[in-house]
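Chemist: Residue numbers (the working numbering), protein chains in the order written: chain A, 21 to 267; chain B, 348 to 553.
By construction, these hints were calculated from the structure, which means they are not laboratory data. Ideal Cβ positions, reconstructed from N, Cα and C, are used throughout, including at glycine. Hints are not guaranteed to be accurate.
[To be verified] The following residues of chain B were derived to be distant from chain A, with all beta-carbon distances above 10 Å: (1) Ser357; (2) Pro429; (3) Ala504.
[Stated by the list, open to error] Only pairs whose alpha carbons sit at most 30 Å apart, straight line, appear in this in silico DSBU-like list of lysine-lysine: (4) B:Lys381 / A:Lys166; (5) B:Lys507 / A:Lys134; (6) A:Lys116 / B:Lys507.
Listed below, chain by chain, are the residues.
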Amino acid sequence: MTRAPQPGDEFLMRDPSSHPPAHAPGYKTSVLRSPRNALISLQQSLSEVTGPVIGIDELGPLDHDLIMNYARSGLPVGERIIVHGHVRDQFGRPVKNALIEVWQANASGRYRHKNDQYIGALDPNFGGCGRMLTDENGCYAYRTIKPGPYPWRNRINDWRPSHIHVAISGDGWAQRLVTQMYFEGDPLIATCPILRAIPDESQIRGLIALQDTSAFVQFDSRAYRFDIVLRGQRATLFENHVQGEAK
Amino acid sequence: MSNLLRETASQTAGPYVHIGLAPHAAGFDIFDNKVGPVLVTPETKGERIRIEGIVADGSGTPVRDVLIEIWQANAAGKYNHPGDRQPGKAIDPSFRGWGRAASDFDTGAYAFETIKPGSVMGRDGRPMAPHINFWLVARGINIGLHTRMYFGDEAPANAKDPVINLIEWQVRRQTLIAPREQRGDVAVYRFDIRLQGEGETVFFDI
């Protein structure tokens with residue numbers, strides 16, 4: 021690379037082989053919710069290379085502490101963990117001030133959501149959502165309870181592995197990404213139809229957080245490491261019409 | 348190119364996406380989330396508009412657990428982002444241009460209250476017709492879907508829009524154009540999105 025990317029530089033084109041296809045029959049709900057036509061590829065304009073900017077003053081002090089941010093009458097039940105890592109682009113550069121939003125089930129595998137009817141108990145002290153911004157080095161960390169697995173309606177006895185949903189908003193609209201983080205050693209990972217929709221084993225491994233003993237807090241919490249890669253932002257070297265320039 | 352890192356794999360946002368992105372819709376309030384379906388404040392410049400519609404699946408059934416985000420320029424055609432260096436256009440401090448709406452769990456209806464954006468200069472120096480960028484995630488959507496809404500009352504601009512004109516099939520271009528209706532004092536644009544099948548909306552690889 022010649023120079024660091026500037027705001028408004030374009031993003032590398034997306035590699036579809038890094039992602040699950042829209043139509044993944046093993047994940048039954050995708051069958052009727054996947055477009056049949058090819059996506060139309062467009063050269064990025066300001067509409068795609070810009071994106072929402074979030075200020076640190078918009079976040080509260082407990083937004084990244086899921087153990088405390090819904091605690092009403094005591095602490096939530098379950099395994100206390102810290103999840104941390106960094107957000108980089110495909111060139112390995114840190115993505116600063118990226119908004120990370122997470123949501124998850126509680127230790128019983130139950131979501132605090134009006135549509136979740138699972139028999140697993142709600143925890144009066146656990147909400148299950150958090151958010152944070154990456155720092156100058158692209159690093160983030162949050163504290164939570166390890167979510168439990170739960171059954172879901174796909175095949176009759178399918179269970180989701182423990183997972184945390186993650187939504188990331190980086191430097192531009194084209195970088196927007198939603199994924200799920202799984203936990204090393206979970207036996208349900210091997211058969212999950214949602215995870216197995218990803219056609220590449222190394223990409224699946226990239227979603228499995230590893231236990232990180234170096235970040236344990238003594239007599240308090242274990243830790244998991246989860247690094248995220250967003251689309252690379254590149255300097256356009258030669259172009260006849262500079263973006264946004266009036267002719 | 349092998350030294351490039353690979354983008355982290357996408358996964359569905361799932362049926363409970365609202366907990367993370369729209370907690371009020373999930374049925375509880377945890378922190379003040381300023382990104383909702385109302386993008387305007389009294390100070391925002393521009394014509395107030397309402398956008399409403401449904402997202403339908405391949406059977407025509409409304410998708411009742413979709414989460415939609417929009418990203419748009421302000422009334423002057425300027426994005427609130429440092430990468431927008433268009434000369435002579437100012438940021439509106441009362442308008443970020445980012446919104447989120449969850450569809451109604453019973454009807455599938457969604458709505459945004461926003462302003463009509465101005466025209467933004469396109470990549471090749473040709474102006475783009477006013478438009479709003481849409482991004483959809485839901486259970487059963489493995490990677491977020493990008494599309495654009497254009498305005499039915501901007502036919503001359505739409506006819507010259509460089510992105511609309513990328514779509515080879517005239518009949519499919521119509522899926523991006525929202526008709527305008529005046530409802531009392533409010534201008535309402537109807538934008539229904541079809542994920543699959545007859546009238547399938549054009550989605551973009553951006």
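Chemist: Please go over all the hints and tell whether each is borne out by the structure.
Modeler: Verification of the supplied hints:
Its closest Cβ contact with chain A, about 5 Å, brings Ser357 (chain B) to no more than 10 Å, contrary to its assignment away from the interface. A beta-carbon of chain A is positioned within 10 Å of the beta-carbon of Pro429 (chain B); the least distance is around 4 Å. No beta-carbon of chain A is positioned within 10 Å of the beta-carbon of Ala504 (chain B); the least distance is around 15 Å. With a C-alpha separation of about 27 Å, the suggested pairing of Lys381 (chain B) with Lys166 (chain A) holds against the 30 Å cut-off.
Of the pairs offered as hints, the one joining Lys507 (chain B) and Lys134 (chain A) is violated, with about 46 Å between alpha carbons and a cut-off of 30 Å exceeded. Only pairs whose Cα atoms come within 30 Å are accepted, and Lys116 (chain A) paired with Lys507 (chain B) is rejected, the gap being roughly 37 Å.
In summary, the structure is inconsistent with hints 1, 2, 5, 6 from the numbered list given earlier, while agreeing with the others.
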